[in-house]
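Listed here are the chains, written in short residue letters.
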Amino acid sequence: MNWHSPAEFFAMGGYAFYVWGSFGVTALALLIEPLLLKKRRSEVLKSLKRELSAKERSQ
Amino acid sequence: MNPKLITWKYASPPYFYPLAGKMIPWFALLAVLLGIAGLWVSFFVAPTDAQQGEGYRIIFVHVGASWMSMFLYLVMAFWAGIGLSFNTKLSSMMASAVAPTGAMFAFLSLWTGALWGKPMWGTWWVWDARLTSELILLFLYLGFIALQAAIDEPRRADKAGAIIALVGVVNVPIIYFSVKWWNTLHQGASVSLTQAPSMAKTMLLGMLLMALSFWMYSIAMVLTRVRAIMLERERHSDWVANLKEVRS
Amino acid sequence: MNRTGSIRTLGAFGVLAAVVRRDLLLALRRKSEVFTTLFFFVIVVSLFPLGIGPELGLLRKIAPGVLWVAALLATMLSLNRMFAADYADGTLEQMVLSPTPLGLMVAGKILAHWLVSGLPLVLIAPILGLQFDLAPRALVVLVISLLLGTPLLSMIGAIGAALTLGVRGGGVLVSLLTLPLYIPALIFGAGAVEADISGLGAGGHLSLLAALFALAVFFAPWATTAALKIALE
Numbered sequence: 003m004n005w006h007s008p009a010e011f012f013a014m015g016g017y018a019f020y021v022w023g024s025f026g027v028t029a030l031a032l033l034i035e036p037l038l039l040k041k042r043r044s045e046v047l048k049s050l051k052r053e054l055s056a057k058e059r060s061q
Numbered sequence: 058m059n060p061k062l063i064t065w066k067y068a069s070p071p072y073f074y075p076l077a078g079k080m081i082p083w084f085a086l087l088a089v090l091l092g093i094a095g096l097w098v099s100f101f102v103a104p105t106d107a108q109q110g111e112g113y114r115i116i117f118v119h120v121g122a123s124w125m126s127m128f129l130y131l132v133m134a135f136w137a138g139i140g141l142s143f144n145t146k147l148s149s150m151m152a153s154a155v156a157p158t159g160a161m162f163a164f165l166s167l168w169t170g171a172l173w174g175k176p177m178w179g180t181w182w183v184w185d186a187r188l189t190s191e192l193i194l195l196f197l198y199l200g201f202i203a204l205q206a207a208i209d210e211p212r213r214a215d216k217a218g219a220i221i222a223l224v225g226v227v228n229v230p231i232i233y234f235s236v237k238w239w240n241t242l243h244q245g246a247s248v249s250l251t252q253a254p255s256m257a258k259t260m261l262l263g264m265l266l267m268a269l270s271f272w273m274y275s276i277a278m279v280l281t282r283v284r285a286i287m288l289e290r291e292r293h294s295d296w297v298a299n300l301k302e303v304r305s
Numbered sequence: 550m551n552r553t554g555s556i557r558t559l560g561a562f563g564v565l566a567a568v569v570r571r572d573l574l575l576a577l578r579r580k581s582e583v584f585t586t587l588f589f590f591v592i593v594v595s596l597f598p599l600g601i602g603p604e605l606g607l608l609r610k611i612a613p614g615v616l617w618v619a620a621l622l623a624t625m626l627s628l629n630r631m632f633a634a635d636y637a638d639g640t641l642e643q644m645v646l647s648p649t650p651l652g653l654m655v656a657g658k659i660l661a662h663w664l665v666s667g668l669p670l671v672l673i674a675p676i677l678g679l680q681f682d683l684a685p686r687a688l689v690v691l692v693i694s695l696l697l698g699t700p701l702l703s704m705i706g707a708i709g710a711a712l713t714l715g716v717r718g719g720g721v722l723v724s725l726l727t728l729p730l731y732i733p734a735l736i737f738g739a740g741a742v743e744a745d746i747s748g749l750g751a752g753g754h755l756s757l758l759a760a761l762f763a764l765a766v767f768f769a770p771w772a773t774t775a776a777l778k779i780a781l782e
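Residue numbers (the numbering used here), protein chains in the order written: chain L, 3 to 61; chain D, 58 to 305; chain S, 550 to 782.
Some hints here could point you the wrong way.
[As the list claims (entries may be wrong)] In the DSS-like style, the derived pairs of lysine-lysine whose C-alpha atoms are separated by at most 25 Å in a straight line are: (1) Lys175(D) / Lys41(L); (2) Lys175(D) / Lys237(D); (3) Lys146(D) / Lys48(L); (4) Lys258(D) / Lys48(L); (5) Lys51(L) / Lys40(L); (6) Lys237(D) / Lys51(L); (7) Lys301(D) / Lys146(D); (8) Lys146(D) / Lys79(D); (9) Lys778(S) / Lys146(D); (10) Lys57(L) / Lys79(D); (11) Lys79(D) / Lys51(L); (12) Lys41(L) / Lys301(D); (13) Lys51(L) / Lys146(D); (14) Lys41(L) / Lys237(D); (15) Lys40(L) / Lys237(D); (16) Lys40(L) / Lys175(D); (17) Lys57(L) / Lys301(D); (18) Lys51(L) / Lys41(L); (19) Lys79(D) / Lys301(D); (20) Lys48(L) / Lys79(D).
The hints are simulated quantities; they were obtained by calculation from the structure and are not laboratory data.
Start from the sequences and build out the full structure, keeping to the hints where you can.
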């Protein structure tokens, strides 16, 4: 183990800003992308459902 | 139907759509598991670097992101090229689906590279051959995405995008070597990001696990995006209208 | 355009010459556009000393880069003209449909584009180089590098111009597509002049530039042809 206390872990030997800045932004990006995709999918599905029900009503 | 086409069954959206849907959770799960293992190795197993202290741990995301950005460009060009030469819609959709994820990794590679450069070289940006090529790679991704976004007709967007992706692939090595040549002539940064002198085995393992996790993540994202693209593009076809997520 | 029938009997060089002659004639009728590119180049280059300061040592150092970047931007400005007019009036469609190989006609159009917007830059560059106190030998290297480099810019640019034909926001898009591809030309072109100034000799850079030129002669008309066919589908 490299770390003796959680504080030491979060301090990253003085490089906290750089290390957490890298890992944090990466994690954020990897979380945002699936959320955006989920939104995109639900939007398509919503408009598809609307189209379908409009078509069925007209028939 | 041409019998030859039947072997290409899975290359058509109605068949690929449910198949991709079944594959996505597995790749996502693998991405999470590999990511947890990778993070654990990066922070708790890999030793402190003798020269760079704890700051070197940025390498674990930086290298993986750089690898993925380059690899995904090749994947994108591959699908675009297949789509162009065999006129297969699905391949072109795959190319369009890969691009945003690739661009995101190129951005992350630059971001983490800058955050590494500040403590190690004392500056946010170094005109190092790798960082410069990565920046140009991001431009190439943005060009592809912008071109496809600007063309309304999907098939023309596919083909135009394929040409620019293929031209880019021919150019990537040329750009890399010219930037490298330029860099050595100007005696720029001599320290390269991945040239940690004595790389411990566990460091390599950490990099590998993170890169694999990014890889699985990319597959999951690309498949999710290609499913959305299929729905958008084929909205008037029967198979889309008969999907249970549309029916319900 | 109604000449395409007679072009058939002309042979490869005949076709090339006919396309070049036609485009040059058209350019002569729109002289202002041609001069706009040239003036843009002159003005951009002249702005740098004003922005940076008149210190000759510094100006000599930045001259190759400034001249080359300005040439890049000037070429890019004129790219949209390469196919736009022919696309708008249907000539391009006739060219695609005609039995003459499209690649040959594309090569002619690229050559004409270079003659109209690349060659003037090459000719005026030494005068602008004097503003930056470049030595006579460096000026010669500058002209050679531009002579090799500007046709390369026209060839690569043709791909971008063909891809963005009739696309909304084409003007900005073409720069986003082609500028990254211009980077090797910029590095070796400006590098040649720089290497000569620093006494390293420009030979290596110039031969690499020539290699890129050869590669582009081979690939660019082909890629442009494919892009034009897609645009006209």
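- Message: Checking each numbered hint in turn, tell me which of them this model violates, lowest number first.
- Response: 1, 4, 6, 10, 14, 15 and 16
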